[in-house]
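Undergrad: full-length UniProt numbering puts the first residue of the sequence shown at 1, with every later residue one more than the last.
No lab work stands behind these hints, which were simulated from the structure alone.
Some clues are possibly wrong.
Only pairs whose alpha carbons sit at most 30 angstroms apart, straight line, appear in this in silico DSS-like list of lysine-lysine [to be verified]:
#1 K56 / K4
#2 K116 / K9
#3 K79 / K9
#4 K114 / K77
#5 K116 / K56
#6 K4 / K79
#7 K4 / K81
#8 K56 / K81
#9 K4 / K57
#10 K114 / K9
#11 K4 / K114
#12 K56 / K77
#13 K114 / K79
#14 K4 / K116
#15 K79 / K56
#16 K81 / K9
#17 K81 / K57
#18 K56 / K9
#19 K79 / K57
#20 K77 / K57
#21 K114 / K57
#22 K77 / K116
#23 K9 / K57
#24 K77 / K9
#25 K116 / K79
Pair ranges (Cβ atoms, derived) [what the hints assert, rightly or not]:
#26 E53 / Q19: 19 to 27 angstroms
#27 R61 / M1: 32 to 40 angstroms
#28 G38 / L143: 16 to 24 angstroms
#29 S95 / R119: 31 to 39 angstroms
#30 K81 / N7: 20 to 28 angstroms
#31 N99 / V60: 30 to 38 angstroms
#32 G36 / A139: 18 to 26 angstroms
#33 A3 / I135: 18 to 26 angstroms
#34 S144 / R14: 14 to 22 angstroms
#35 K4 / T31: 33 to 41 angstroms
#36 E53 / K4: 34 to 42 angstroms
#37 G129 / R59: 32 to 40 angstroms
#38 R59 / K4: 33 to 41 angstroms
#39 R14 / R61: 32 to 40 angstroms
Here the structure is a predicted model, which is why all the values come from computation and not from measurement.
Idealized CB from N, CA, C, for every residue including glycine.
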Amino acid sequence: MQAKVNNAKLSLIRGDITQQDTEAIVNAANTSLLGGGGVDGAIHRAGGPEILEECKKIRVRQGGCPTGEAVITTGGKLKAKYVIHTVGPVWSGGSQDENLLLAHAYRNSLTLAKNKGIRSISFPSISTGAYRFPIHDAAWIALSTVRDFL
1 MQAKVNNAKL SLIRGDITQQ DTEAIVNAAN TSLLGGGGVD GAIHRAGGPE ILEECKKIRV
61 RQGGCPTGEA VITTGGKLKA KYVIHTVGPV WSGGSQDENL LLAHAYRNSL TLAKNKGIRS
121 ISFPSISTGA YRFPIHDAAW IALSTVRDFL
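Let's have the full structure, built from the sequences with the hints guiding it.
TA: So, in structure tokens, the structure goes:
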């Protein structure tokens with residue numbers, strides 16, 4: 001599915017994010033930035049040790065990545081030149097500002113990409129796996145946040 005939003009093209013694609021041919025991909029990371037399961041583990045495995053080394057430097061500098069924030073590293077061996085690591089919220093029933101934190105994760109990733117001059121970016125469905133965010137709510141937040149940003 002594709003749509004035009006202002007002067008941008010928005011595409012919804014089902015596939016392996018590590019194989020996307022965009023300048024940056026977004027990693028649904030954890031606060032430690034040390035890799036993990038799901039998308040996070042797949043990106044670290046496919047991108048190689050350079051990504052983890054840069055994540056370790058970020059940890060030394062700022063102690064990780066808080067929920068809703070984003071940091072950027074090399075893409076290592078990936079097709080993408082950059083990986084933007086963002087931390088989505090763990091779903092706790094909706095009473096812990098999860099919707100707002102998820103929107104921040106998308107918005108802060110987009111802002112980081114814009115500030116770096118990145119013109120194409122691929123997102124996974126942040127927080128909908130192990131973090132149990134309801135997929136329909138997460139999709140609405142993702143699409144509306146991207147639309148509003150563009």
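Undergrad: Under the constraints set out in the numbered hints, which ones does this structure not fulfil?
TA: Failing hints, ascending: 1, 9, 18, 23, 37.
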